[in-house]
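Asker: Taken in order, these protein sequences are the chains called A, B, C and D. Those letters in the first sequence? Residues 1 to 302, by the working numbering. Those letters in the second sequence? Residues 303 to 604, by the working numbering. Those letters in the third sequence? Residues 605 to 857, by the working numbering. Those letters in the fourth sequence? Residues 858 to 1110, by the working numbering.
There's no promise every hint is true.
[Claimed, not checked] DSS-like, lysine-lysine: derived pairs with alpha carbons at most 27 angstroms apart:
1) A/Lys153 / C/Lys696
2) A/Lys210 / B/Lys512
3) B/Lys460 / C/Lys696
4) A/Lys282 / A/Lys202
Hints in this document: simulated from the structure, not taken from any laboratory. Remember, it's a predicted structure, so these values are computed and weren't measured experimentally.
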Amino acid sequence: MKSKVMELSQAVGEIPESNAHLALGGFAIARNPIAFVNEIIRQGKKELNVYQTVAGMDTDLLVGAGAVKKLAYSGGSLDRFGRLERINEAIDQGRLDIREYSGLSISLRFLAGSMGIPFIPTKSLLGTDMLRDLIRKNDDSIKIETSPFDGEKYVYLKSLQPDFAVIHAQYADEKGNVIIEGPLWDVEMAKSAKKLYVTVEKIVSTEFVKRNPEKVAIPSMYTHAVIEVPYGAFPTAVYKAYDYDKDFLANYAKTNKNAGEYKKFLEEYVFGTRNHNEFLEKAGGLARLNGIKADPVFGYKA
Amino acid sequence: MKSKVMELSQAVGEIPESNAHLALGGFAIARNPIAFVNEIIRQGKKELNVYQTVAGMDTDLLVGAGAVKKLAYSGGSLDRFGRLERINEAIDQGRLDIREYSGLSISLRFLAGSMGIPFIPTKSLLGTDMLRDLIRKNDDSIKIETSPFDGEKYVYLKSLQPDFAVIHAQYADEKGNVIIEGPLWDVEMAKSAKKLYVTVEKIVSTEFVKRNPEKVAIPSMYTHAVIEVPYGAFPTAVYKAYDYDKDFLANYAKTNKNAGEYKKFLEEYVFGTRNHNEFLEKAGGLARLNGIKADPVFGYKA
Amino acid sequence: MTVEYTTNELMAVTASRLLRDGDNVVVGLGLPQIASLLAKATHAPGLNIVYEIGVINPDAVEMGVGIADPRLWHNTEHFTSFVGTLGHVLQKGLIDVGFLGGLQVDKYGNINSTLVKTESGSRHINGSGGAADIACFARRILVIMKHDKRKLVENVDFITSVGHLRGLDTRRKEGVPQCEYIKIITNLCVFGFDEDEKVLKIESLHPGVAARDVLENTGVKVHIPDNAAKTGEPTDEEIYLLRNRIDPLKMYI
Amino acid sequence: MTVEYTTNELMAVTASRLLRDGDNVVVGLGLPQIASLLAKATHAPGLNIVYEIGVINPDAVEMGVGIADPRLWHNTEHFTSFVGTLGHVLQKGLIDVGFLGGLQVDKYGNINSTLVKTESGSRHINGSGGAADIACFARRILVIMKHDKRKLVENVDFITSVGHLRGLDTRRKEGVPQCEYIKIITNLCVFGFDEDEKVLKIESLHPGVAARDVLENTGVKVHIPDNAAKTGEPTDEEIYLLRNRIDPLKMYI
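So here's chain A without its partners, still in its complex pose:
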């Protein structure tokens, strides 16, 4: 049986140098594929087209690093820690080809992609300025149509099957069965991609998978590669594994307000480290990670 296990650098190496279409699975401060994103930045990928339901630190990092040409999303934040200022500034300065959706409408595009159907009709987006802007930009993902069944006006949302999707999860086996603890916001996105990369806290046996079939959020046939990266979402939270690192996030939320400060952050934490373990060491290493370990009952640092 062919194992889908890869090394992180090898996995990121499969992404073209330029112009890849990439969906990311983070949501504000939870399960952001930080290790993967940092490696994308280290390997100098450029002109990325990024798709995401609700963005977090992952995409802010990528945009800040100048790696993103086009972003389709429904907004995002660092929750109460702050805003995605690298994204906001890039939009304000017109440096990013921005396509804004509502959370549901971009999720439905992923859903259609995951089902292999050409589009999904919805009332979502009608009347909004997101819709007006998409139309103004001649975005090809949107058509305003009248349903042949009820004669009502709908937005037909084009199916989205990004070349690559990246999520971070708690567990997967070598075959690519992915176990996610907690909410599953990113599942349709993950299943929509042509190639799904899953970074996980730990690679587990298929026996463990079979003991927990209800926790398998993504069956193996959707998965292209499984990459073991413990603490791969640090400083964002992985339910039942570790909490977000509030000091690191608060500091990042200060840093990302200013292009110069952000650049220093990038130099030190991303370009100044060769891999995720070095990134974690730079952030404080074991002492810091021990401080955010999840309580087994609560799933966060209680």
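Could you slot chains B, C and D onto chain A? The hints should help.
Answerer: Here is chains B, C and D on its own, set in the frame of chain A:
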């Protein structure tokens, strides 16, 4: 807090005497809502419009009892025990307004209903005689259209939100959170209905639900009523609770080949019993039920 | 009412009382969550609380910093996806109440949570997330916001979430599902919308608030009759629950 | 090959060898399941087996009476819905091989599993279930059936599952996704379809079967060249596995 718990006779009493639109959750010989169906027959409901992905003994019983006017489904069987001969005969004799789909296409109609969208486009059904027949009957659930995105031919399947859906599950709490063990073929159907009735082996506490959130297949807001009916799917199987009763099924599969034999079955087992417990007693009672108890490891009688 | 209360407490109580037992609500962090938990602890024990990230009816023991904070997910009844909450539960029409906030709200109840225009261009803030969808599909909309001339405006800079669009029946004409009502709860008053024209109107002034306070802080012309209703005051029980059970660390009240 | 083998064993082995490691297959009960388990036990350990009812990669220890039999679900990797298997995995194009059976198959590989015409009208049998969808979306189709003049016909009475429709490129023109191939494995031979016209052609005769046996039992005119290939015989290992590990109770072999 309003409890959604009902008695079976009261629940069935909510269904109009005639012309109700009803979706059923059985699949061949697994989790058929037999208790509910028998009570529908006892209460003499007529002219039902029934919707089902893959039918089992449940719908064969209803059709045999003359309660069904129209049936939309993708076929069905009693697996190796036999065929749904009450349905087959009603079709052959032109007594049933039959609308045949593929399994996926009718499931997608339920999916659209569960999502509140007007239709779903699919390649499913293209080229088949099911499609030709539906068009010949001017069925309003089907339109052949060209997708405005890829210019390809698709079947647009109209959303289906039946007035009532009935499924049998292992557990639910009083609020209507439904726990299903094993495959979830009926979930989209259940979520599509205006009113979902769930018969369960046992009503459990919400604390139990919260200990097993991954097993909740249907969250409470979809559920209209929860009805505790132990062995409510007998003689079909309920994974982890009890096996199908192979003698009873084999006998039914003989009985349903002949209108007269079926009528005798109905008189004895359905009209001859006032409720599901009496039905179970008639079938052999505790001794019989003890004989099909599921093994805790295998989920069937090992 | 015998104890003093803060404006945030009053806002939470006011929102809480608009929730009915059995309602399904979509909430975000902060006052909406506080209001929902208060309703659940008082008159609406059967309230179902949905977080768009994919969590239904958790029992949090600690407040979080956002819906992506695992503190909010503790002891949940169901985990699902973004499509599971907004694409199924919400879009099917099962959500009775949607809570929203925003940078700006206009006289038709349209909400901007995406960007503000400045002299030099525009400044992008957060984007929609599920807000546009909640405004589209929930039956009753409760907007909770700070009362500020620059936030309650004639026309929002950007319509993230459709309210009554341009008033009258423009929302329906645009194809957006109808809602039962939109109400705005600020630190000064409660606004509703006129039955026909669908423009902002006062529903009640908070205790101690004068009509002038509202007029001076509202960027929209609004008529306040002399006999304007007063917002009901919190009960001792509500305040007790807020301070001792629901937000003991006073993160939001 | 040193041991004797049954025709069913030969058919299972023949189907098994058409499966490749890593293939995702949708199977039903009986020979398809046996063939898949044999492939998994030999050259294709990474085979993923999908049952449309919502079960992926179980490890059954007992044969069942159908896909609704819990015996088939034991020790599964994933439970999902009918939409989850056929609407997502299959419709997205992730299924490499779909196994089908049927009452009738015609010279274009169309399958009827719904009804048969009789002098007095028609007789309804089982209906499609997922068969139509599997024929629509799977990349390679393997039909396993008994060789019978009344079952291998010019035109099926009812097209439940589209094969090559009316030959040539009629399938594509009808809007049905293209498949890589359709093969029919009977108790006498293996059929494929002509590259251009898409009509039935012989691929191999089973050991000991004469051209005449096929011609006499086929309701379609089919050319069998003198040098027609022979279906490969089972190995001792395959037979051993079938009899001792995969179907020890000989329910299907």
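Asker: Each hint: holds or not?
Answerer: Each hint, compared with the structure:
no. : hint                : verdict
1   : A/Lys153 / C/Lys696 : holds, 17 angstroms
2   : A/Lys210 / B/Lys512 : holds, 22 angstroms
3   : B/Lys460 / C/Lys696 : holds, 15 angstroms
4   : A/Lys282 / A/Lys202 : holds, 22 angstroms
Of the numbered hints given earlier, the model fails none.
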